[in-house]
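Participant: One-letter residues, chain by chain:
2 protein chains.
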Amino acid sequence: MAKLSGIRNALYAQSGGVTAVINASAAGIIETARRHRNRIGKLYAGRDGIIGALTEDLIDTGKESRAALKALRHTPSGAFGSCRYKLKGLDQNRAEYERLIEVFRAHDIGYFFYNGGGDSADTCLKVSQLSETMGYPITCVHVPKTVDNDLPITDCCPGFGSVAKYVAVSTREASLDVASMCRTSTKVFVLEVMGRHAGWIAAAGGLASDKDLELPIVILFPEVAFDQERFLARVEANVARYGYCSVVVSEGVRGPDGKFLSDQGLRDAFGHAQLGGVAPVIASLVREKLKVKYHWAVADYLQRAARHIASKTDVNQAYAVGKAAVELAVKGRNSVMPTIVRKSSSPYRWAVGVAELEDVANREKMMPRDFITEDGLGITRKCRGYLAPLIQGEDYPPYRNGLPLYVRLKNAPVKKRLRTGFALK
Amino acid sequence: MAKLSGIRNALYAQSGGVTAVINASAAGIIETARRHRNRIGKLYAGRDGIIGALTEDLIDTGKESRAALKALRHTPSGAFGSCRYKLKGLDQNRAEYERLIEVFRAHDIGYFFYNGGGDSADTCLKVSQLSETMGYPITCVHVPKTVDNDLPITDCCPGFGSVAKYVAVSTREASLDVASMCRTSTKVFVLEVMGRHAGWIAAAGGLASDKDLELPIVILFPEVAFDQERFLARVEANVARYGYCSVVVSEGVRGPDGKFLSDQGLRDAFGHAQLGGVAPVIASLVREKLKVKYHWAVADYLQRAARHIASKTDVNQAYAVGKAAVELAVKGRNSVMPTIVRKSSSPYRWAVGVAELEDVANREKMMPRDFITEDGLGITRKCRGYLAPLIQGEDYPPYRNGLPLYVRLKNAPVKKRLRTGFALK
Chain A
46 MAKLSGIRNA
56 LYAQSGGVTA
66 VINASAAGII
76 ETARRHRNRI
86 GKLYAGRDGI
96 IGALTEDLID
106 TGKESRAALK
116 ALRHTPSGAF
126 GSCRYKLKGL
136 DQNRAEYERL
146 IEVFRAHDIG
156 YFFYNGGGDS
166 ADTCLKVSQL
176 SETMGYPITC
186 VHVPKTVDND
196 LPITDCCPGF
206 GSVAKYVAVS
216 TREASLDVAS
226 MCRTSTKVFV
236 LEVMGRHAGW
246 IAAAGGLASD
256 KDLELPIVIL
266 FPEVAFDQER
276 FLARVEANVA
286 RYGYCSVVVS
296 EGVRGPDGKF
306 LSDQGLRDAF
316 GHAQLGGVAP
326 VIASLVREKL
336 KVKYHWAVAD
346 YLQRAARHIA
356 SKTDVNQAYA
366 VGKAAVELAV
376 KGRNSVMPTI
386 VRKSSSPYRW
396 AVGVAELEDV
406 ANREKMMPRD
416 FITEDGLGIT
426 RKCRGYLAPL
436 IQGEDYPPYR
446 NGLPLYVRLK
456 NAPVKKRLRT
466 GFALK
Chain B
46 MAKLSGIRNA
56 LYAQSGGVTA
66 VINASAAGII
76 ETARRHRNRI
86 GKLYAGRDGI
96 IGALTEDLID
106 TGKESRAALK
116 ALRHTPSGAF
126 GSCRYKLKGL
136 DQNRAEYERL
146 IEVFRAHDIG
156 YFFYNGGGDS
166 ADTCLKVSQL
176 SETMGYPITC
186 VHVPKTVDND
196 LPITDCCPGF
206 GSVAKYVAVS
216 TREASLDVAS
226 MCRTSTKVFV
236 LEVMGRHAGW
246 IAAAGGLASD
256 KDLELPIVIL
266 FPEVAFDQER
276 FLARVEANVA
286 RYGYCSVVVS
296 EGVRGPDGKF
306 LSDQGLRDAF
316 GHAQLGGVAP
326 VIASLVREKL
336 KVKYHWAVAD
346 YLQRAARHIA
356 SKTDVNQAYA
366 VGKAAVELAV
376 KGRNSVMPTI
386 VRKSSSPYRW
396 AVGVAELEDV
406 ANREKMMPRD
416 FITEDGLGIT
426 RKCRGYLAPL
436 IQGEDYPPYR
446 NGLPLYVRLK
456 NAPVKKRLRT
466 GFALK
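Line order of the protein sequences matches chains A and B.
Taking my numbering, the leading residue of the first sequence gets 46, the next gets one more, and so forth.
Taking my numbering, the leading residue of the second sequence gets 46, the next gets one more, and so forth.
Simulated from the structure, these hints should not be mistaken for laboratory data.
Quick caveat, the model's predicted, so the values are computed rather than measured.
Derived lysine-lysine pairs resembling DSS-like cross-links, with alpha carbons at most 27 Å apart: (1) Lys115(A) / Lys256(B); (2) Lys336(A) / Lys131(B); (3) Lys388(B) / Lys376(B); (4) Lys336(A) / Lys133(B); (5) Lys338(A) / Lys304(B); (6) Lys256(B) / Lys108(A); (7) Lys461(A) / Lys131(A).
Which chain B residues stay away from chain A? Per the calculated CB distances, all over 10 Å, these: (8) Lys108; (9) Leu135; (10) Ala140; (11) Thr178; (12) Ala278; (13) Val337; (14) Ala365; (15) Val375; (16) Thr418.
Backbone N, C-alpha and C fix where the C-beta goes; we use that ideal spot for every residue, glycine too.
Let's have the full structure, built from the sequences with the hints guiding it.
Facilitator: What follows is the structure in structure tokens.
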């Protein structure tokens, strides 16, 4: 356990793909740390995530105004910068961990808040363990964040609810568009969404259809090997019955051979390789086999950056896990992660719980099989019951001149104290 | 001029690609017609647009409740159905026009409100002219609608402001996402937007960057032949200076040879032709020439259906032209189109004007050259001054269970009165 007496500084870092609400977690951490000045002195942030920590490129969050922190809560992306930089295992690259602890020691950092997904949970745990071994114990708390919703133990992951809302709303809107034109125009619309391994985001497309508005939607999950005949038969049946069909396809869908459908070896007229998405592949298949007009969209970053249509539930949970992380840390809880605990689905009630990082690291939560219909092309009632609360509520940012007013922080640098640099690999 | 005495029925039809606000125009027409019962008896709608008129498949809008009409104002897509069905010239297919007038006569229709773009303005004019010739004069009013913003005379087209807002907001959000990850991840983000002939929608991407938040954005317009060297040099310079670059590309961009860039003759591993978008083409070019990591998105229907982020200005204008169309018609104005007249840009003030259809039909409004920067890769201050007011204000739909509550109308059929059917070509 970390030292429990005295005032220590803290370091916060954002990790991996950013989300519409990761900054709400940052706001929760910073605002809560400011209420614990008897325990937490300075709160630094790593510029561009853990890279900033390794290179001693730190940001003093104390320079940010209260107004900026308030705006941080409604600003998408990673306000301090994030990175894709996975620390290797301790045995493979102990130097990286030692460097981290060297930087922590130089800046009297006693608390480490790492905001990310599975990889960063693992890193967080290792930093905690090694710091103990090295005689400079650091209280390490992982703050969950991932649009993929694949962390274990926590009922859901901050970041996911907002992507889910974006996908559900967009699928509803585009489906209405297609419905109104299908007699003479597009009959099949394909929307590609994120989710390399888990189909949580694609599943959210299923929410677009409910008792308020029934819409024919087919979903393709990475958990289910693509069955071309079955898929085409379902699309054809929907077109026959409704006049049209929407398809929400996860980028990670694979064929029976285990290969990504998106990996089609596309070549342009000059023979150059083209990296395609899976949406055009599905659309071309529809055209070739069903001979109907199609359109396709690829949401890509728009989906995870769409703070303008964030889920209020998600924003509140993102803020809550940030706040809880600081509260856990000042109570001396180490190597833990705040979680979302579902108390009830209808009405939706949740609370913040806590998980040991040992139980979190290196485990992925896939869609349970009973969340996917037997034919593999839709979501079950059980899945709907799980997903529906996560997109509840709107949390609109303020606007000026027709555009959301997102904040850009000062990100004032902290003076370096080490003479040595660090070469990133 | 149409008969000015007595009560006549009216027909409303939606034409071409639908928008986030075409139903607001419909609401304006229906609600205003209900206030003129001394002139307009029944207000019918064509099911699936003009096809419904030709096949005598009419909808009685009188069966819709006030609550449904209120919801219509915030529901995207075409609530009565729209179609892509262009009537040929009078000399080529007089039978179609005669059939229309036969249906109008059978249902005592004296007013025709046609809600669409350039083609439907032309059709509207022809119906008016022929009805006069055939001794059954009909008051024809065209109601402007097109996301392409390419109708003449009117300062802007209802439907465009909301797409522009969607593109501006999405570009801002995605750019922040890329900015926060660019040190180790994506450096160039490409967003493909609509606009086969005119670059108005792509231009709106330029609004994402303003004095509140400066962002490096490059725009590719259909009006400017793609200059590969210049484009790559600009992207490279942005990456060098800012660490990243966003590119908003119009689907209609063409190379110096006049061919669409999207038409790359893509083949899959089996030699099948693949229809691609232009975003992956630009992205592949960036990868090949600049060797940096990229991502791309294709907004497709999401952009024109995105009622959740509609421009309040656009919604108000869409409603206003619908209302004005009825008011013009009951005053006996024939072969006209309500227009948006800009009184001032800052502060933005507008009013509804009127144009003769003869001056509207078959003319396209392209981006003025002085709206595009000299290098062809951005928007000028003048363009910004034009565009900025059009995305002002938010007009959120109501939500239930986290999803926008869009209405599906009853669309009750009107009993047929003709014995003859009509075969669509």
